[in-house]
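Add chain B to chain A, keeping to what the hints say.
2 protein chains.
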Amino acid sequence: MNNFIFTIPTTAYFGKGQINILGNTIKSHGGSKVLLAYGGGSIKANGIYDATVSQLNGAGISFVELNGIQPNPRIESVEEGIRIYRDNNCDFILGVGGGSTLDACKAIAAGVKYDGPVTDLFVDESGISSRITAVAPLATILTMAGTGSELDMGGVITVGEDHKKKVVLHPLLNPKFSILDPEYTYTVPEHHSMAGVADILCHLMEQYFTPDVAATVQDRMNEGVMKAVLEEAPKILADPQDYDARANIMWASSMALAGFQFVLGKPGFPFPLHGMGHELSSMYDMTHGVTLALLTPSWMRHTISTAPQQLPIFAQFARNVMGVSEKDDTIAAEAGIEALEAFYAAIKMPANLREAGVKEEDLEVMAEKAVENGNLGILTSIGKDEALQIMRMAF
Amino acid sequence: MNNFIFTIPTTAYFGKGQINILGNTIKSHGGSKVLLAYGGGSIKANGIYDATVSQLNGAGISFVELNGIQPNPRIESVEEGIRIYRDNNCDFILGVGGGSTLDACKAIAAGVKYDGPVTDLFVDESGISSRITAVAPLATILTMAGTGSELDMGGVITVGEDHKKKVVLHPLLNPKFSILDPEYTYTVPEHHSMAGVADILCHLMEQYFTPDVAATVQDRMNEGVMKAVLEEAPKILADPQDYDARANIMWASSMALAGFQFVLGKPGFPFPLHGMGHELSSMYDMTHGVTLALLTPSWMRHTISTAPQQLPIFAQFARNVMGVSEKDDTIAAEAGIEALEAFYAAIKMPANLREAGVKEEDLEVMAEKAVENGNLGILTSIGKDEALQIMRMAF
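Protein sequence lines correspond, in order, to chains A and B.
Reading the first sequence from the start, the letters are residues 1 to 395 in UniProt numbering.
Reading the second sequence from the start, the letters are residues 1 to 395 in UniProt numbering.
Excised from the complex, chain A in its bound form (with noise of 0.2 Å):
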C-alpha cells in the first residue's frame, strides 16, 4: 500500500427535512450574503427553491442568485457567479442542484478569493489546482445522485468552443457542509437518476481498477459500495418514490468520491474511462453517466486482451461484484463484463455508441482528443489508437 492523507471536511446532513438546518448552520460558518446558485426550472416546480429562499429568510440572511448552470457546466457562468458574488459583497456560495451545479459552484468559490482568470485555477502539473490557496464557504443541497461532487474536492467545468472538459481539484473545495435529502431526488426522470447510477458505479471501478498494491481494505469497501449500487437501482426503477433505494443511492454518490477514498494508497489517479467519455459529453451533449456505461465493458475486454497480467483484477470483480462462481480467471473476467452489460440494459442504458447516436466518422477525433486528456493508461497503455480501438468495440 502507497503513502496517503485522508480528509474529507465536509459534514453531510443525510436525510428528510434537513433542509431544515440550513439556515443556522449558513450563520454558523458565518455567512450573511449568500449567492444561491442553480441551473433550471426544476427545484422551483419541485418547492425545493422555495423551502432554500424560507430558510435564509428565516435566519436573516439575504441572497442574490446566478441562475441557468447548464449540464456540463461552462467557464461562463463561473465568470458570472464570480462576478455577481463580487458585484454583490457576498460571504457564501449556496449551490442547489446536481453535479453540475455544484462543479460550477466550487470553481466560483476558488475563483472570487483568487486575483487573475479562474481558468489559472485548473490542475496544473502538481496533479491538483495548486493555484488556489483559498475559496469562499460554500454549502450545497444535492437533488441528483451521480457525481459526488457534494463530499468531495473535485469539479469539471467545460471551456472554449470545442468544449474541452477541465478540473478543479484540491482539497479546500470540499464544501464545509452539504444537505442530502432523498426525496429531492423523487422528480429526477429515469434516464437521468440512472445515468447518475452509471456514474457512480464508473467512480467505483476507475478506483478499484488499478494496479495492485494490497490495498485490501479500500477494495473491499468499494466492492460493498458496488454491490449495493447494484442491488438498489433496480428498486428506483420500480418506484421512483422508494425512499430506501433513493437514500441508498445518494449515499453511495457520496461514498463514492468522499475523500477519493477507495483509491488512496493505491497508485495514480487515472479515471481513463472519464477521459474519453468527457469527449462523447463535449460532442454530442450527451449525459456522463451514459457516456460510461457505453465505454466501460469495451475498455474491460480491451484491458483484458492488451495487458493480461492485469486479468486478475477482472477476474476478481467478477467473483466479488458480479456474482460469479466459476474459477477460470479469463471465464470469470468475460462473465463479469456480461453482467455488468446486462446491468447496463436493466438500467436503460443504450447497448452501443451507435444506438447513443454517435457517428462512426467522429470516433477518431474524439479518441485523438481524449488522449489530451492525459494520463489514460494505469492498467494498460491508451493512446490515440488504443483509444479509437476501445471506441470502435463500443460502437
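Simulated from the structure, these hints should not be mistaken for lab results.
One thing to keep in mind: the hints can contain errors.
Note that identical chains are pooled: a pair holds if it fits in a single copy or bridges any two copies.
[Claimed, not checked] List of simulated lysine to aspartate or glutamate pairs, EDC-like, C-alpha gap at most 20 Å:
(1) 27 <-> 328
(2) 235 <-> 212
(3) 16 <-> 326
(4) 166 <-> 120
(5) 113 <-> 341
(6) 164 <-> 231
(7) 16 <-> 212
(8) 235 <-> 120
(9) 235 <-> 355
(10) 164 <-> 285
(11) 44 <-> 115
(12) 166 <-> 285
Okay, now just chain B, sitting in the frame of chain A:
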C-alpha cells in the same frame, strides 16, 4: 434508512515516514507548547519517542510530558494530564500510543477546557457528552491498531475502585490529525496485535448487527472491511513485519469507527458486546479485544435463539462475510458462527472464558454490572439474566 449526520473532522497521514509532517502540522494548528502523553516505555525502546521529540525540537515546539498511561486508562491519569497541561500553559496535546493513551488524551483535551470535574464530561442522557463545548487541539501518533480512537470521537476511561468504564463522546473530540505508520506496529507483540484484530472485528459487528433499516451501502461497506480483516490478520501472524498486512489492519481499525460510518442511518448505538466485555476487563484486567472474541459467538447464538426474527442478518453475515454458501438460514447462520470461532482460534484467542482464567462464581456479578452499563439489547432484550446466560454459554 434513518436520518444521520456524517462528519470525520480528522486528517489521517498514513504510511511510512509520515512522522516527518508532525512538527509543521502541529504548528499549522497553532501548537507551540505541547503536552506529550504516552504509556509505558515501549516507544522509547522502538525509536518512536526519539523521532517524535526530534520533530518537536526541529519545529521549535516545546513540550512537557505525561507518561505511564495504563491500558484501560484511569481517570487519575486524565486528571494528572489536565493539571500538567494547565500548570505549563500548554496549547496542544499529542498522544503517542494505542487506544488507551489516545482515549486518555481525549478526556484531557475536553477536561482542560471545562471548569469543573472531568467526570461531568461522560456521556449523558443526550447520548453524547453534551457538556463538552470546547476542547484543546489534539493530534495522535498510533502505535497499535484496534480501538479506532485515532479517527473517531470517543474514548473509554476507567473510574473508581470497581473499575467502571465511562465514555467521553463528542464530535469535537476527533483529533485534528493522526499519524498512522504501519511500521510503528511491527513491534506490537502477537497477542496484543491479534486482540486488536478482534477489537476491530467487534466494532464492525456491533454496527452490523442492528435491526434492518435497508442501510445497504453502510452494511456492504462494513462487510468489505470485515472481509479485509479476515484476509489480512493471519498474514501478521505469519510475518509481524508484513507491511501491507499491518497497513490494512491499521486502516481497517480507523475505518471501522471513522464517523461511526457503518452505523449511521441505522437504529440505536448498542455495543452490547463492549458492554459485557468491559466487565471482563474490569475484573480480570483482560485485554479488551480478547473479551470481545470470547463473548461474540455466544451472543450471536443467544440472539438467534431468543429473537428468531433476527436470523436473516446472521445468515447474511455468514454468506457475505464468512463465505458460507448454505441456503437454509438457520444452518447458514450457525456455519457462520463456527467459521468466526475458527478465525478466533486461528488468531490465537482463548477458546472460552474458563481457558481465559475467568472463575465461574464471578459471572453473576459481571452480568449484573454489565447491564448497569446500559443499552445491551438492540436485536434482543438483554437484562442481567440474559447477560449471565451469554457468559455461561461462553464459559
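We went through each hint and held it up to the structure:
| no. | hint | result |
| --- | --- | --- |
| 1 | 27 <-> 328 | neither (58 Å within a copy, 55 Å between copies) |
| 2 | 235 <-> 212 | between (33 Å within a copy, 17 Å between copies) |
| 3 | 16 <-> 326 | neither (42 Å within a copy, 38 Å between copies) |
| 4 | 166 <-> 120 | within (11 Å within a copy, 53 Å between copies) |
| 5 | 113 <-> 341 | neither (45 Å within a copy, 57 Å between copies) |
| 6 | 164 <-> 231 | neither (35 Å within a copy, 44 Å between copies) |
| 7 | 16 <-> 212 | between (40 Å within a copy, 18 Å between copies) |
| 8 | 235 <-> 120 | neither (43 Å within a copy, 48 Å between copies) |
| 9 | 235 <-> 355 | neither (25 Å within a copy, 49 Å between copies) |
| 10 | 164 <-> 285 | within (12 Å within a copy, 64 Å between copies) |
| 11 | 44 <-> 115 | neither (34 Å within a copy, 50 Å between copies) |
| 12 | 166 <-> 285 | within (16 Å within a copy, 58 Å between copies) |
Figure legend: structure checked against the earlier numbered hints; hints not met, in rising order: 1, 3, 5, 6, 8, 9, 11.
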